[in-house]
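J.: The residues making up each chain are set out below.
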Amino acid sequence: MTRLGMVINLKKCVGCHTCTVACKVDNFVPPGIFWNDVYDYEVGEYPNVTRSFLPVPCQHCKSPACKDVCPTGATVQREDGIVYVDYDKCLGCGYCEVACPYRARRIYREKTYYFGQPTPYEQFPAELRAPYQRHKVGTASKCTFCMAKVDKATDRSEIGVKPDATPTCVNSCIAKARYFGDLDDPQSEVSRLIRERKGFRLLEELGTDPSVYYLPR
Amino acid sequence: MAEKIWEDKLIPTYCQQCNAGCPDLLKVHVVNGVAVGIEPNWDMAKIHPADAKVCVKAYGLIQKNYNPNRVKAPMKRTNPKKGKDEDPGWVEISWDEALNMLAERLKKVREKGLLDENGYPRVAFHEGGAGTSASILGTFFVLFCAKGHASGSPQGIFGPVDMTLGGGKGVKCNHTEHLLGELWHKAFISMSDTPNTRYLLSFGRNDNATNGVVGVRRHSEARARGMKRVQLEPHLSVTGATADEWIPIKPGTDHTFLYAMVHTILHELDWRKMCDVPFLKKMTNSPYLVAPNGYFLRDKATRKPLIWDSADNRAKVFDAPDIKDPAIEGEFTVSGITIGADDNIEEFADIKATPSFVLLIEHVREFTPEWAAKECDVTAGTIRRITGEFFENAMVGATAKVEGEELPLRPVAITQGLGVNCGRGAIQALWTKHVLEMLAGSIEAVGGDVGVVVLISGPVERSEDGFLTYPFHPTKKGQWKFPPGKRDGVPSLLPLCGGFDGPYHLVWRWLVETPENWPKPSIPEVFISFKSNPLISQFDTPMVMEVLKQIPFYATFAYTVDETAWFADLLLPEDQELETLHIFPCGATNERENFWEYSGIIVKQPAVKRSFNTMNISDIATELSAKMGLLAEYNEALNNGAYLGMKLKGTPYELKADVKYTAEEQYDRMCKLVTRGEHGLDWFKETGGIFHPFQKTGDGEVHGGFYMRPWYLIPAMRRKGIRFELPYQERLKRIGEELGARVHEKGIYWWDSQIEEYQALIHWQDTNKFLDQVAVRLNKNPEDYPLWLLTTHAMQYAWSSNVGVPIMMESSSRSVGGNWAQMNWKTAEKLGIRDGDDIWIESAYDRVKGRVSLRQGVRPDCVVTVGSFGQWVTPYARDFNIANLNHVSPAAVELTDEGGASKNHMKVRVYKA
Amino acid sequence: MAIERQSTWGGLVTIDMFLGGMGAGVFAIAFVLILIGGMQEMTLMGALLGPVLVIVGLIFLFLELRSPRNMYRVLTGFSTSWMSRGALLQTLFILFGLIYAVPAFFMPDWFLNTGGTIVGIIAFVLALLTAAYHGVFLSEARGVPVWSSPVLPVASFFTALCSGLGLMLLLFLAFVGSYPDYEVAAISGLMALAGIVFIIAELIILWSLLSSRYSVTFTESIKTVNGPVLSTIVCLVVSLVILFAGLWVGGAVYMVWTSAVSGLLLLGSSYIIRSAIIKAGHYYPLQVPMS
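Protein chains in written order, with the working numbering: chain A, 1 to 217; chain B, 1001 to 1913; chain C, 2001 to 2291.
By construction, these hints were calculated from the structure, which means they are not laboratory data.
Predicted model only: the values in this text are computed from it and were never measured.
Treat the hints with caution; some may be incorrect.
Said to hold, decoys possible - 16 angstroms max Cα-Cα, derived EDC-like pairs, lysine to aspartate or glutamate:
no.: 1; chain 1: B; residue 1: K1009; chain 2: A; residue 2: D164
no.: 2; chain 1: A; residue 1: K176; chain 2: B; residue 2: E1221
no.: 3; chain 1: A; residue 1: K162; chain 2: B; residue 2: D1043
no.: 4; chain 1: B; residue 1: K1004; chain 2: A; residue 2: E127
no.: 5; chain 1: B; residue 1: K1826; chain 2: A; residue 2: E45
no.: 6; chain 1: B; residue 1: K1273; chain 2: B; residue 2: E1389
no.: 7; chain 1: B; residue 1: K1300; chain 2: B; residue 2: D1350
no.: 8; chain 1: A; residue 1: K11; chain 2: B; residue 2: D1244
no.: 9; chain 1: B; residue 1: K1660; chain 2: B; residue 2: E1633
no.: 10; chain 1: A; residue 1: K162; chain 2: B; residue 2: E1633
no.: 11; chain 1: A; residue 1: K11; chain 2: B; residue 2: E1221
no.: 12; chain 1: A; residue 1: K176; chain 2: B; residue 2: D1051
The task is simple: from the sequences and hints, build the whole structure.
T.: Next comes the structure, spelled out in structure tokens:
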């Protein structure tokens, strides 16, 4: 079996948001919605303060809390672990948005444009985009691990290695903090990093079994 | 009807919105004529030091390109009155009319004479913000800037123009480091050799935000490997966030910390064991003997400085081949001469002379950690610990092999941000930094402090005294230039700025009010600016506005109407990154932390059709030169290599004098020239560029008109027998004395405190007193301004140029503090200010309003603003409500250092708006 | 800085759950009182208000979902989703509740008939399920620690009963004048007893919710609604004291006032606690291991 997953090295991340923006540009993500947010936060009190960065894309949980609560089956989990939203089935009830402990989902509430009026890029025809890039008002919106790209891989070994078969955030990360591949394959780079570098996951205690691992800061 | 895909291409090009990329090599994904994606140019992954990854700003290019707020066609002003509240009354005109208008103005100037009655050029030209590469100007560069970049001549075919009015380039850069860095180790910019560094001491250097993709990558890999970074800065930046230790040092005291470090190693630690003594003896002027008058003691016959050889117990000239053991300690009885100011020769017989190193030890005796602790708000223990860590990590004695050459491995470095290496205190901070690195032997060593970019001093050559050459402006009697001939006075006042033509902040002020006995500069008749917004980026906004109002004719290459363009008579909208055509010499050690193993020529090409009625800047240049009747001169200059050193003359690609070549044709010929006829522009457009390996330990290479220095300077210096001019600054001492005499002869006494900074061993000074002096001059009480106002940058806006792009603000506002003014929670609480309030930030000079964001990671006595904002005209950005330091920071002589830079901070008070 | 608590669901969902719970609660209590007998107009009114309140609650849910097509989709997804099951459950309750309550106004012995009683029992069971449902619905969100707590359905159940009783106590105020003292005293005594039981049960459940230490996220999330939770407890305790005092002192006049005050307190506490639980959602203070 293949279980696609990501490793993010927090020691390397610089909070530059290149992944955030690259993801938005590549996937036509509308204003105000982030499929790949990077939290930039301070802990402690002056002068004992640390500031850290935490990129939080959809964790593509093996046991996704969002999927359980969906009333219409609009949230779909593929065999390789990718969780995506079928915009045609989604009601926009928002329960998935509420239920996801990672806040990885947003309901796309109203049509807005970056400059108040559409640019040729924003007018790029929906039918020429991948299905998940055809954003629909009133539906839930989230990261898909760049499904269309991953599906371009002709062989499992290309995923996360060949740029064409790798999510945009991984391709764009200037710090080389992100890795993508098959968690079920013990030989893959992601599996090796998790093993050797004490990979951990966010909110593991909730039993969501996320597919995004982090390497400690 | 369902749309069909009729075109799906990846077009190689590059992003050069700033100089932090080198630039970034990318591909634009174009489907059915629309740009829908940006991705790294993976074909270049092997050549690029960070796998061709692309900066966040480049991902904003699509929005930047399709921005409906762009200036969509040439426009002229119809309202003759200029002012903040005067609507320019823009009217769209044709390109022909626009260029005729400009050409007519310029022709008139030529008829009247290029210089005015006062000897100042009638035309002023500004080539863009700090770090803007000349090649962004395309062949327009040839008109106003240079006959040939390599020649260093600042004059284009038009003749002399004034390049001193600008938007911060020259003061808002790492200016003083540019000068002293090049003086000491050809480092226009000083960088750690990050991939090999073990210990990096950074005084506010914001690498993660401003060093581009390669910088970020090198540092992230180093962190993962275990490099320790200690970040000293008053607020916790994105770079401080990734450091192992944050030391919130008090603003303006970085040099104090460094003096105490020098004291600690030389007076408390065992420097004979911990310092790189062989390096001090062989590669520095530590052994040079100094006469009692402070000048090097020289051999009478050869005039060469003397060194005491302990092995033979006698003095020898510094480059004598038989020197065995140069003494850096002791006192010796020697005879010789000294060469003082204005070549004044003094002869000494059998005097006591000491090596300069002994003077250094004495010089720093008083700077104890306890003394520094009070100034810096850092404990003496911390200063001692950091000093110890620095020298323990230096691995004195270790070597590394690079390209077969054995080089010292000294993996410790000190870097400084522009709040430290610019303005008052900068020369002190830079000198102590370099002295520490000299002591550790890490200057230009593997893992140490290496330079990048050479813009002032040219290739590695040896001066008479055995140091790197440097082109000072002359200060000797009879050679000193006065009146300066440049509105900023650089040739007269700033000897360190020889060969470096940049705009300075004082010029704006002097155009309005002139200091005592200073020739009043005249307002230029024509001002042309490119990609720059001085009203936002320059100190002293009110003053800049005053000057702009008075300029009779101002043309600007505007992307959107902005604050400065509001005062223009003519807007010339130039093609944007995704529409334009340029070629650029790329790679090697060109710009910021970009250490490439290759150098090459790359092409920027139109990925999409023009959205609006814009024009390629090279075509504008050709058209304009034709309209001015200068086409033959223009083509001749291009033939002579005025653009990127590409000499077309005598080759099959030579341009004919009377033909207007399109940018395509010009670049096609240059492409063919560099590939010896093998490839034309079309091939470059397909591949993105051509590269060849670059030698890291060579002498550097002249490439595309630029001198690219090698990664490591030591091999070339060894080959040529060159020493570092450290720690003793005999040249500066002499220049200082000469300059003092010169300006006093003219009755100028207001530059004395700058001249005092030219010393052989740089003296510590209290830099904050200068801020108080400004307040007093403005009849204010300095004590009313208890907080420091500082600036920082977000990567999205580093080097600016995209404030009008919404996706940049959307992402950067996710950072701690957003882009708002930032304060410590506790301070705010005392002042009754809550998170998200609007506040007034008031200096002795002026006040500015903006929203505040409260944080823990800011010193309680500081307010931090994010640079690039404060717009009131620029569409989209004008709604930000972000305060800009420049509005409250005057261009003041008091704040200006000996290199002409001003500190990027101010004392202020803050209250709720 | 934290991954913030959810802001998606707020007033509309709270009102839906509050009204739905109150409707189910008031129906269940009314049904029991009808079976016992006494103050018939009041108990009938309670039984009628039950389904009506659930209908009003569902209107708020419609507002959240925006389109009838979406509502249809919600109703048809019951095999997989608790939202669908809940919608179906509430629809059935409305149906049976109305069939039970409405005819009683025209046919006085309808609720004494076997037919009426069967319908009533079905509606009663559906009401109890509805009372617990809102908790079940939230507890389905495994990713939200405060919601996924196993006590949440029980909490929801007693909150519903408390708010139902609160409404009943206010109805009592409206109808008290038209009944003889002994009838009033008996009913109010019963209601006070029920109230004491419900309140003690709710307090125990709240205590068990607050004292649990599932995870940092749970604790931090609860912390974000400390204020409302505290005011809920205060309301409940005051209400409890008043009801006790009422029973102790006795007497119709006194009972009227204690009923009114404790009714209001019960309604208020129910709304506050529902709103607090919705708002708490989850709150994840960012903190990751350092190497």
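J.: Name the hints, by number, that the structure is in violation of.
T.: 10
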